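Protein sequence lines, in the order shown, are assigned to chains A and B. Its first residue numbered 1, the first sequence is counted upward by one per residue in the numbering used here. Its first residue numbered 1001, the second sequence is counted upward by one per residue in the numbering used here.
Hints were generated in silico from the structure; no laboratory data involved. Remember, predicted model here, so these are calculated numbers, not experimental data. In this text, a Cβ means the ideal position worked out from N, Cα and C, and glycines have one as well. You may find that some hints are simply not true.
Selected chain B positions facing chain A (in silico; Cβ < 10 angstroms) [as the list claims (entries may be wrong)]:
| hint | residue |
| --- | --- |
| 1 | L1020 |
| 2 | N1024 |
| 3 | Y1029 |
| 4 | S1032 |
| 5 | F1034 |
| 6 | Q1038 |
| 7 | N1041 |
| 8 | F1063 |
| 9 | H1082 |
| 10 | M1083 |
| 11 | A1086 |
| 12 | G1095 |
| 13 | N1100 |
| 14 | F1103 |
| 15 | F1104 |
The calculated BS3-like cross-link candidates involving lysine-lysine, where the alpha carbons are at most 25 angstroms apart (straight line), are [said to hold, decoys possible]:
| hint | chain 1 | residue 1 | chain 2 | residue 2 |
| --- | --- | --- | --- | --- |
| 16 | B | K1049 | A | K78 |
| 17 | B | K1068 | B | K1049 |
| 18 | A | K57 | A | K42 |
| 19 | B | K1049 | B | K1069 |
| 20 | A | K78 | A | K57 |
| 21 | B | K1069 | B | K1058 |
| 22 | A | K57 | A | K83 |
| 23 | A | K78 | B | K1042 |
| 24 | B | K1042 | B | K1068 |
| 25 | B | K1042 | A | K42 |
| 26 | A | K42 | A | K83 |
| 27 | B | K1068 | B | K1058 |
| 28 | B | K1049 | A | K57 |
| 29 | A | K57 | B | K1069 |
| 30 | A | K78 | A | K42 |
From chain B, some residues computed to sit far from chain A (all C-beta separations above 10 angstroms) [stated by the list, open to error]:
| hint | residue |
| --- | --- |
| 31 | V1013 |
| 32 | E1015 |
| 33 | G1016 |
| 34 | Q1045 |
| 35 | T1051 |
| 36 | K1069 |
| 37 | L1102 |
| 38 | T1106 |
| 39 | G1107 |
Listed below, chain by chain, are the residues.
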Amino acid sequence: EPEVTQTPSHQVTQMGQEVILRCVPISNHLYFYWYRQILGQKVEFLVSFYNNEISEKSEIFDDQFSVERPDGSNFTLKIRSTKLEDSAMYFCASSEGRGLGLGDQYFGPGTRLLVL
Amino acid sequence: AQSVTQLDSHVSVSEGTPVLLRCNYSSSYSPSLFWYVQHPNKGLQLLLKYTSAATLVKGINGFEAEFKKSETSFHLTKPSAHMSDAAEYFCVVRGLTGANNLFFGTGTRLTVIP
């Protein structure tokens, strides 16, 4: 069964450093998403991406964040200058389309980011 | 605005006994509701979904959920818990905008006692 994969599974970085989290969505999916879950809190939507541009973003997704689909398979989340409060589990998801059925999102296992 | 509330952060049941994980939703319109499960070190897996068809929805691994508009609830049930059901369960509602983003509850950790 096809699945969403994410690398790395864990990342430790120093405050102020740039990190890139990578995701490989399911191959025939066209919509891509990033969510995050700070320890002990709920999973929060960050951004959705379709046709090489951002469809929607939450207020969390400020200028420090960017997303990119650099090639036909990868979908990346970049944090330019990490802060302590960026420490969280980051989930990538993809869906074939939007709405009923096609909009079902399939999630990767997550990348746990720790900012020191 | 769309939101869901999971009423229990932790539920503990004995193997073979019924499971009930509670979720209430808030939505201006007829919502699309989901239950996801997360096993340790695994991704979020879709268990089942409600999208305004049948109010009783069956999912994988014997789970089902009933949409009750009068109670604004979408509780997850299973007649008989199995050890492999131990995991974190999330009730989720889809956003109203065309971007398809999801709003998660805070999660319920299910423990199954042998």
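These are the hints, each one checked on the structure:
Proximity of B:L1020 to chain A is violated relative to the hint, the smallest CB-CB distance being about 21 angstroms (cut-off 10 angstroms). Taking 10 angstroms as the C-beta cut-off, the interface hint given for B:N1024 is violated, the closest approach to chain A being about 15 angstroms. With 10 angstroms as the threshold, the beta carbon of B:Y1029 stays out of range of chain A, its nearest partner Cβ sitting at about 13 angstroms, so the hint is violated. Hint on B:S1032 holds. Least Cβ distance to chain A is approximately 8 angstroms, under the 10 angstroms limit.
Interface restraint check for B:F1034: the shortest CB-CB distance to chain A comes to about 8 angstroms, inside 10 angstroms, so the restraint holds. Contact between B:Q1038 and chain A, as hinted, is supported at the beta carbon level, the nearest pair being about 8 angstroms apart and thus within 10 angstroms. A distance limit of 10 angstroms between C-beta atoms decides the matter here; for B:N1041 the minimum to chain A is near 7 angstroms, and the interface restraint holds. Because the smallest distance between the Cβ of B:F1063 and any Cβ of chain A comes to about 16 angstroms, over 10 angstroms, the interface hint for this residue is violated.
The interface hint given for B:H1082 is broken, as the beta carbon of that residue sits about 21 angstroms from the closest beta carbon of chain A, more than 10 angstroms. Residue-level restraint check for B:M1083 is violated (minimum Cβ-Cβ distance to chain A is 21 angstroms; threshold 10 angstroms). Interface restraint check for B:A1086: the shortest CB-CB distance to chain A comes to about 18 angstroms, outside 10 angstroms, so the restraint is violated. The closest approach between the C-beta of B:G1095 and any C-beta of chain A is roughly 8 angstroms, which is under the 10 angstroms cut-off, so the hint is satisfied.
Because the smallest distance between the Cβ of B:N1100 and any Cβ of chain A comes to about 5 angstroms, under 10 angstroms, the interface hint for this residue holds. A distance limit of 10 angstroms between C-beta atoms decides the matter here; for B:F1103 the minimum to chain A is near 7 angstroms, and the interface restraint holds. Interface hint at B:F1104: satisfied, since its Cβ lies 4 angstroms from the closest Cβ of chain A, which is below the 10 angstroms cut-off. About 31 angstroms separates the Cα atoms of B:K1049 and A:K78, which puts this hinted pair outside 25 angstroms; it is violated.
Restraint check: the Cα-Cα separation between B:K1068 and B:K1049 comes to about 14 angstroms, which is no more than 25 angstroms; the hinted pair holds. Using a Cα cut-off of 25 angstroms, the hinted pair A:K57 and A:K42 holds, with the two alpha carbons roughly 17 angstroms apart. Restraint check for B:K1049 and B:K1069: the C-alpha separation of about 15 angstroms stays at or below 25 angstroms, so the hint holds. For the proposed pair A:K78 and A:K57, the alpha carbon gap of about 14 angstroms is at most 25 angstroms, so the pair holds.
A threshold of 25 angstroms between alpha carbons decides the hint, and for B:K1069 with B:K1058 the separation of about 18 angstroms falls inside it, so the pair holds. A distance of roughly 19 angstroms separates the Cα atoms of A:K57 and A:K83; the hinted pair therefore holds under the 25 angstroms criterion. For the suggested pair A:K78 and B:K1042, the alpha carbons sit about 22 angstroms apart, so the restraint of at most 25 angstroms is met. Annotation: proposed proximity of B:K1042 to B:K1068 is violated, straight-line Cα distance about 30 angstroms (limit 25 angstroms).
Of the supplied pair hints, the one linking B:K1042 and A:K42 holds, its CA atoms being roughly 17 angstroms apart against a limit of 25 angstroms. Taken as a hint, the A:K42 and A:K83 pair is honoured in the structure, with Cα atoms around 19 angstroms apart against an allowance of 25 angstroms. This hinted pair checks out: B:K1068 and B:K1058 have alpha carbons roughly 15 angstroms apart, not beyond 25 angstroms. For the hint pairing B:K1049 with A:K57, the CA-to-CA distance comes to about 24 angstroms; that is within 25 angstroms, so the pair holds.
Between the alpha carbons of A:K57 and B:K1069 the distance comes to roughly 29 angstroms, so the proposed pair goes past 25 angstroms and is violated. Our distance criterion of 25 angstroms between C-alpha atoms is met by A:K78 and A:K42, whose separation comes to about 21 angstroms. Against the 10 angstroms criterion, B:V1013 stays outside the reach of chain A, whose nearest CB is about 23 angstroms from its own CB. Every CB of chain A is more than 10 angstroms from the CB of B:E1015 (nearest about 26 angstroms), matching its label as outside the interface.
Chain A leaves B:G1016 outside its interface by the beta-carbon criterion, the shortest separation being 29 angstroms against a cut-off of 10 angstroms. A beta-carbon of chain A is positioned within 10 angstroms of the beta-carbon of B:Q1045; the least distance is around 7 angstroms. A Cβ of chain A approaches the Cβ of B:T1051 within 10 angstroms, the least distance being about 5 angstroms, so the stated non-interface status is violated. The beta carbon of B:K1069 is kept farther than 10 angstroms from every beta carbon of chain A, the shortest such distance being approximately 18 angstroms.
Some Cβ of chain A comes within 10 angstroms of the Cβ of B:L1102; the nearest lies about 6 angstroms off, and the non-interface call is violated. Distance check on B:T1106: its Cβ comes as close as 5 angstroms (rounded) to a Cβ of chain A, failing to clear the 10 angstroms threshold; non-interface status is violated. Against chain A, the non-interface label of B:G1107 is violated: not every CB pair exceeds 10 angstroms, the least being about 7 angstroms.
Violated hints for the displayed structure, listed by number in ascending order: 1, 2, 3, 8, 9, 10, 11, 16, 24, 29, 34, 35, 37, 38 and 39.
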